[in-house]
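Produce the complete structure using the sequences and hints provided.
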Amino acid sequence: DVKVTQSSRYLVKRTGEKVFLECVQDMDHENMFWYRQDPGLGLRLIYFSYDVKMKEKGDIPEGYSVSREKKERFSLILESASTNQTSMYLCASSRGGNQETQYFGPGTRLLVL
Amino acid sequence: AQTVTQSQPEMSVQEAETVTLSCTYDTSESDYYLFWYKQPPSRQMILVIRQEAYKQQNATENRFSVNFQKAAKSFSLKISDSQLGDAAMYFCAYRSGNNDMRFGAGTRLTVKP
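Line order of the protein sequences matches chains E and X. Heads up, the first sequence is in the working numbering, so the first residue is 1 and it goes up one at a time. Heads up, the second sequence is in the working numbering, so the first residue is 1001 and it goes up one at a time.
By construction, these hints were calculated from the structure, which means they are not laboratory data. From a predicted model like this one, the values you see are computed outputs, not experimental measurements. Among the hints, a few may not be true.
[As the list claims (entries may be wrong)] Listed below are several chain E residues computed to face chain X (Cβ distance under 7 Å; list not exhaustive): (1) 41; (2) 42; (3) 45; (4) 97; (5) 101; (6) 104; (7) 106.
[What the hints assert, rightly or not] Derived list of chain X stretches under chain E, where covered just means 3 residues or more per stretch with a C-beta under 8 Å from a C-beta of chain E: (8) 1043-1055; (9) 1104-1112.
[Unchecked claim] DEER-style ranges, computed between Cβ atoms: (10) E:27 <-> X:1085: 22 to 28 Å; (11) E:106 <-> X:1112: 24 to 30 Å; (12) E:14 <-> X:1042: 22 to 28 Å; (13) E:38 <-> X:1063: 26 to 32 Å; (14) X:1055 <-> E:84: 36 to 42 Å; (15) X:1098 <-> E:39: 27 to 33 Å; (16) X:1081 <-> E:82: 42 to 48 Å; (17) E:80 <-> X:1097: 48 to 54 Å; (18) E:70 <-> X:1074: 36 to 42 Å; (19) E:9 <-> X:1014: 29 to 35 Å.
All C-beta atoms, glycine included, are put in the ideal place defined by N, C-alpha and C.
Below, the structure written as structure tokens:
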């Protein structure tokens, strides 16, 4: 079974803090993704990576950066957290190829005060 | 840009009955993939079913089937013999040839005993 884990289920941070969200997958997947999920908006892609040290912007990259130093790990960084970044963050991974299923982590619910 | 529209924010169905969730999408591409994902309450998102755009035959997975109308850009999900465990948020998703992944806003399905 594919396993995608995220470092925290719940996180509370203050405005201006630097926030790291970690995602690890154990299936040697090439592709990894970060989404945020908000009610009524579904999932919106922040960044994705199709290889180590490679990254592509998604729909809403502003205020975020990512790091992929190892194949199994994909980190999302909020450089200076703001209240409008309060959301559920979902990580996903898949094998290379557009037909491949994405496997999701359990999500991190982030509250920025 | 591709968009995915789920026009039903909420749906309900009686246990053992059949329900259809709607999804339309907008694209100018001819080669793409469509997915339905299920997100149970407080649980991880999982794939329900997927459809390759080049295939005319509708995908089926046990009680789940799709009605894929490529010309109409419609991709509805039919759940037969609904069970209590089918209660969840359902997301329709589109994936293009360049790895761009788009999700709809979701449909919350309630199953009544």
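Hints versus structure:
This hint holds: residue 41 of chain E has a C-beta 6 Å from the nearest C-beta of chain X, less than the 7 Å allowed. Restraint check, residue 42 of chain E versus chain X: the minimum CB separation of about 4 Å is within 7 Å; hint holds. Annotation: residue 45 of chain E was flagged as interfacial toward chain X, and the flag holds, the nearest CB pair being 6 Å apart, inside 7 Å. This hint is violated: residue 97 of chain E has a C-beta 9 Å from the nearest C-beta of chain X, more than the 7 Å allowed.
Restraint check, residue 101 of chain E versus chain X: the minimum CB separation of about 5 Å is within 7 Å; hint holds. Given the 7 Å rule on beta carbons, the hint for residue 104 of chain E holds: about 4 Å separates it from the nearest Cβ of chain X. Against a cut-off of 7 Å between C-beta atoms, the interface hint on residue 106 of chain E holds, since the closest Cβ of chain X lies about 5 Å away. Residues of the region 1043-1055 of chain X lying with their CB closer than 8 Å to a CB of chain E number 7, which satisfies the three-residue condition for coverage.
Check result for the region 1104-1112 of chain X against chain E: holds, 3 residues qualifying (beta carbon to beta carbon below 8 Å, three or more required). Evaluation of the 22 to 28 Å hint for residue 27 of chain E and residue 1085 of chain X yields a pass: the beta carbon distance comes to about 25 Å. Look at residue 106 of chain E against residue 1112 of chain X: about 28 Å separates their beta carbons, and that is inside 24 to 30 Å. Here the CB-CB span from residue 14 of chain E to residue 1042 of chain X is close to 26 Å, well matched to the stated 22 to 28 Å.
For residue 38 of chain E paired with residue 1063 of chain X, a C-beta distance near 30 Å keeps the hint of 26 to 32 Å intact. A hinted range of 36 to 42 Å holds for the C-beta pair residue 1055 of chain X and residue 84 of chain E, which are about 41 Å apart. Under the hint 27 to 33 Å, the C-beta atoms of residue 1098 of chain X and residue 39 of chain E, about 28 Å apart, fit the expected range. Look at residue 1081 of chain X against residue 82 of chain E: about 46 Å separates their beta carbons, and that is inside 42 to 48 Å.
At roughly 35 Å, the beta-carbon separation of residue 80 of chain E and residue 1097 of chain X lies outside the given 48 to 54 Å, and the hint is violated. Hint check: residue 70 of chain E to residue 1074 of chain X, Cβ distance near 41 Å, so the stated range 36 to 42 Å holds. For the pair residue 9 of chain E and residue 1014 of chain X, the beta carbons lie near 34 Å from each other, so the given range of 29 to 35 Å is met.
Checked against the numbered hints above, the structure violates hints 4 and 17; every other hint is satisfied.
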